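Peer 1: For the protein sequence lines, the chains are A and B, in the order given.
Letter by letter, the first sequence follows residues 3 to 113 of the numbering used here.
Letter by letter, the second sequence follows residues 3 to 125 of the numbering used here.
Since the hints were derived computationally from the structure, they do not count as laboratory data.
Treat the hints loosely; a few may be bogus.
So the derived list for chain B, only partly shown, Cβ under 7 Å to chain A, looks like this [said to hold, decoys possible]: (1) GLY44; (2) GLY46; (3) TRP55; (4) ALA58; (5) TYR82; (6) MET105; (7) THR109; (8) GLY111; (9) PHE112; (10) GLY113.
Note that this is a predicted model, so its numbers are computed, not measured.
By construction, the Cβ of each residue, glycine as well, lies at the ideal position given by its N, Cα and C atoms.
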Amino acid sequence: DIVMTQSPLSLPVTPGEPASISCRSSQSLLYSNGYNYLDWYVQKPGQSPQLLIYLASTRAPGVPDRFSGSGSGTDFTLKISRVEAEDVGVYYCMQAVQFPLGFGGGTKVEI
Amino acid sequence: EVQLVEFGGGLVQPGRSLRLSCAASGFIFDDYDIHWVRQGPGKGLEWVSRISWNSATAAYADSVKGRFTISRDNAKKSVYLQMNSLKVEDTALYYCVKDIGRMTTVTWGFGSWGQGTLVTVSS
Chain A
3 DIVMTQSPLS
13 LPVTPGEPAS
23 ISCRSSQSLL
33 YSNGYNYLDW
43 YVQKPGQSPQ
53 LLIYLASTRA
63 PGVPDRFSGS
73 GSGTDFTLKI
83 SRVEAEDVGV
93 YYCMQAVQFP
103 LGFGGGTKVE
113 I
Chain B
3 EVQLVEFGGG
13 LVQPGRSLRL
23 SCAASGFIFD
33 DYDIHWVRQG
43 PGKGLEWVSR
53 ISWNSATAAY
63 ADSVKGRFTI
73 SRDNAKKSVY
83 LQMNSLKVED
93 TALYYCVKDI
103 GRMTTVTWGF
113 GSWGQGTLVT
123 VSS
């Protein structure tokens, strides 16, 4: 099974400043079609998770452009160009290239 | 608007069974894979199971393989998770989740989530 490792565990942020979360997989997430099957989700307090980024770098509909995803193979990054107060929550990466699918342990972003 | 509504959770003793249901609306149900994802109290997200859009294939987490069975009824726009031999560690909020990819062979991403149904396994 593919193991997903996120860092840091906790990320204190300042509104208006950038933030970055790292996600590493134990095997390549590059599929035969050339896409990396890596998603990013955020779970805001008291809410169901929501999709931010899929295929490593494609923003989901309605996601602000201050969120961006990058990386390939086994190393991926989620960046927030300018953190806003509403961005607090727990961020998860997830590999979708093979079953069983797997989430990282989560990164708690707090102001 | 896509809607996924889970129900069927509750308190159950270890070793007993429970069946979760997910009622879908707002999209062409027949064209999309549906998954179950769970979250234990105070814990992270854990993928549980997936059924393909045409019911041809199903997949399971190692932790539930052999005990849980996923199925769907496209006529009723519903997905089910039959959970047998429940363990204390199955206690979690269970989310029904829709893939954003249409009729795909690889999961793209979980674009829509229900509010979850709580399963508590305790004696």
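Peer 1: Under the constraints set out in the numbered hints, which ones does this structure not fulfil?
Peer 2: 1, 3, 4, 5, 6
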